[in-house]
Amino acid sequence: MNKIIFLLIFFLAAKTVVSQSELAQKVMVKLPLNSDTSLWETDLIIEKKVPYTENETVLILPEITSINEGLIGYKIWIVIVESSTGNIKNKSFLNLESDAVALKSFELDFAAYQISTENRAFGLRTSFAVGSQVNPYSYKSLTLFVREEDDLRIVLNDFIVNEFIGEWDANCAGEFHNQEKILVISSKASNGYYNITVNNNITTTNNFIGTTGECESIIVKTKEKSVLIYSKGSYK
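Numbering-wise, the sequence shown is residues 1190 to 1425 according to the working numbering.
Since the hints were made in silico from the structure, they are not lab data.
Bear in mind that the values here come from a model prediction, so they are computed numbers and not experimental data.
Yeah, the Cβ is synthetic: ideal placement off N, Cα and C, and Gly gets one too.
Take the hints with a grain of salt, since some may be wrong.
Stated by the list, open to error - List time: in silico DSS-like cross-link candidates among lysine-lysine, alpha-carbon distance up to 30 Å:
1. K1410 <-> K1425
2. K1293 <-> K1370
3. K1414 <-> K1425
Said to hold, decoys possible - Label pairs and their in silico Cβ distance ranges:
4. N1360 <-> N1257: 34 to 44 Å
5. G1381 <-> E1258: 45 to 55 Å
6. D1232 <-> A1289: 14 to 24 Å
Work the whole structure out from these sequences, hints included.
Written as C-alpha cells, this is what we have:
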C-alpha cells in the first residue's frame, strides 16, 4: 500500500513540473483552472506560430482534471496569444478522456481552411491508440475552430480523419483496415459556408501463410467520397 501511495505522489509531483517555453508558462497562469491542485500534462503541450498572421501563437495546454483507476480526464485549452507578450486573444477548451484508448498527441493544422468569405478555420488533430499487439487500434480526429470575438467556436467537432484497426495472430495471419480522409474546401456553399468534400482512401490488407510457408498479403484499395455541409452552427 505504501508503495502505491508513493508512486501516486511521485506521479502527481512530476506533472506539476513545467519544462515548457516561457510563453507557455506565461499563458498557463492566466487560465481559470479546474481547481487549485490542477496538473498540466506537460508532455502533450504544444505551441505553433500562426503562419498567416503576425505576432500570434496557438498553444494547446492539456489540464488534468481527474485521475481514477486508469481513466484520466482532461480539459484541453486551445489558446491564441500575442507571441511577444503572452496576452490571450482567443481561447476555448475541449473535455477529453484517456483510458484503454489512450490520448497520445496533438498536432496543429494551419491548412487553407477558408470555410467562408470571412472565416478561415484552423485545425487540431488529436491522436488516440490502444496498446494491444494482436488487436491494434488507433485513430486521429480533426476539430476545426474559427475566431468569434474572444472565443474560439468549433465548426467541425472530433471528425475522424485517420483510423487503423486490425486483428491478427501476432505472427502473420490477420486482417487490417486503414482509412485516410482528405478534406477539400469546395466552391459550393450552403448556409453561407463552403461545403467540405471528404475523399476517403481505404486500404484492406489480408495476411496469410502461403503455399511456400511465407507470410503473404492481399491488399485491396478503394475510395469513397462524401460531403460535409454547414448547418445550424457546424459541419455535419
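Right, here's what the structure says about each hint:
The straight-line distance between the Cα atoms of K1410 and K1425 is roughly 26 Å, inside the 30 Å bound, and the hint therefore holds. For a cut-off of 30 Å, the pair hint linking K1293 to K1370 stands: about 20 Å separates their Cα positions. For the hint linking K1414 to K1425, the alpha-carbon distance of about 14 Å falls within 30 Å, and the restraint holds. Separation of N1360 from N1257 is about 37 Å and conforms to the stated range, judged on CB atoms against 34 to 44 Å.
Checked against the given bound of 45 to 55 Å, the beta carbons of G1381 and E1258, roughly 46 Å apart, stay inside it. Between D1232 and A1289 the C-beta distance comes to about 19 Å, which sits within the given range of 14 to 24 Å.
Of the numbered hints stated above, none is contradicted by the structure.
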